[in-house]
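Spelled out from the first residue to the last, the chains are:
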Amino acid sequence: SQQGEEDPQALSIQEGENATMNCSYKTSINNLQWYRQNSGRGLVHLILIRSNEREKHSGRLRVTLDTSKKSSSLLITASRAADTASYFCATDASATGRRALTFGSGTRLQVQP
Amino acid sequence: DGGITQSPKYLFRKEGQNVTLSCEQNLNHDAMYWYRQDPGQGLRLIYYSQIVNDFQKGDIAEGYSVSREKKESFPLTVTSAQKNPTAFYLCASRQGQGSQPQHFGDGTRLSIL
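Keeping their order, the protein sequence lines are chains A and B. First residue of the first sequence? That's 1 in our numbering, and the numbers climb one at a time after it. First residue of the second sequence? That's 1 in our numbering, and the numbers climb one at a time after it.
Read the hints as simulated data drawn from the structure, not as lab findings. Each hint should be verified, as a subset may be incorrect.
Example chain B residues on the side facing chain A (calculated, C-beta under 7 Å, incomplete) [stated by the list, open to error]: (1) Tyr33; (2) Phe104; (3) Gly105.
Straight-line distance between alpha carbons at most 30 Å, and here's what the computed DSS-like set of lysine-lysine pairs gives [as the list claims (entries may be wrong)]: (4) Lys9(B) <-> Lys70(B); (5) Lys57(B) <-> Lys26(A); (6) Lys9(B) <-> Lys83(B); (7) Lys69(A) <-> Lys26(A); (8) Lys56(A) <-> Lys70(A); (9) Lys70(A) <-> Lys57(B).
Computed from a prediction, not measured in an experiment: that's the story for all the values here. C-beta atoms are modelled at their ideal positions from N, C-alpha and C, and glycine is treated no differently.
So that you can see chain A by itself, here it is in the shape it has in the complex:
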C-alpha cells in the first residue's frame, strides 16, 4: 500500500530558488521521514519529524508536519544543482501494527544551474 502521496510529481526550478514538496498520508503515524534518491542509487535519510513536532530544521531543509491534515512539507532553501534527485516521504505507523515504513510515490526535483 502506498500511504503517502507526494505533490508535485515533478518540479523544475533554477539554482538559488526554494523548492517545496508536499506529502499526504492516511493513517495515524509515530513519525514521518524524508529521504533523497539520486538516479540509480539507494535512498539516503534526510530528516525525521515526530508526530508531536510541528516543524524541524536541518541545514537548508525545513520540514513541517500537520497531523490534523495528515500532511507534511519539505522545503529546500537556496537550491543547488546537486539537489537534483527524487525525494520521498515515509511514514512510520508502528502503532497500527505495521513494523515497516510506508513510502510515498516521490517528487522528482530538477535544479537548473
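Following the hints, put chain B in place on chain A, whose structure we already have.
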C-alpha cells in the same frame, strides 16, 4: 566503514529461473527490509525481518521468498512465480523500531532476458 552491500548490481533472469539477490549489512542492525521500485514510482515493501530466523510478508510478497539465518544477511529470491520481476530492488536495515531511520544499499537492477 559500516553500510549495506547489495550484489550483484545488475542481474538478468531467464524464463522459469529463480534468482537470488544478496544483501549484507555490518551495521549490527536488527531489522532488515526488501523493497521493489518500478520506474518513476515509490518503494513497495516485499518482506521484512525484525530478528534472526523470523520474517514477515510485506505488501507484494507473492513470487518472492527470503531467509534470515544470520543477523548480517537477508537474501531475496525472485522465483519463477513472479511474472513481472523487472524492477530495481532495494535492501534496507534499521536499528530497532520507532524513531530510527532506515539505511539503504545501492540496489540491484533485475531484468528479464
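* Go through the numbered hints given earlier and state which of them the structure violates, listing their numbers in rising order. => Result: no hint breaks.
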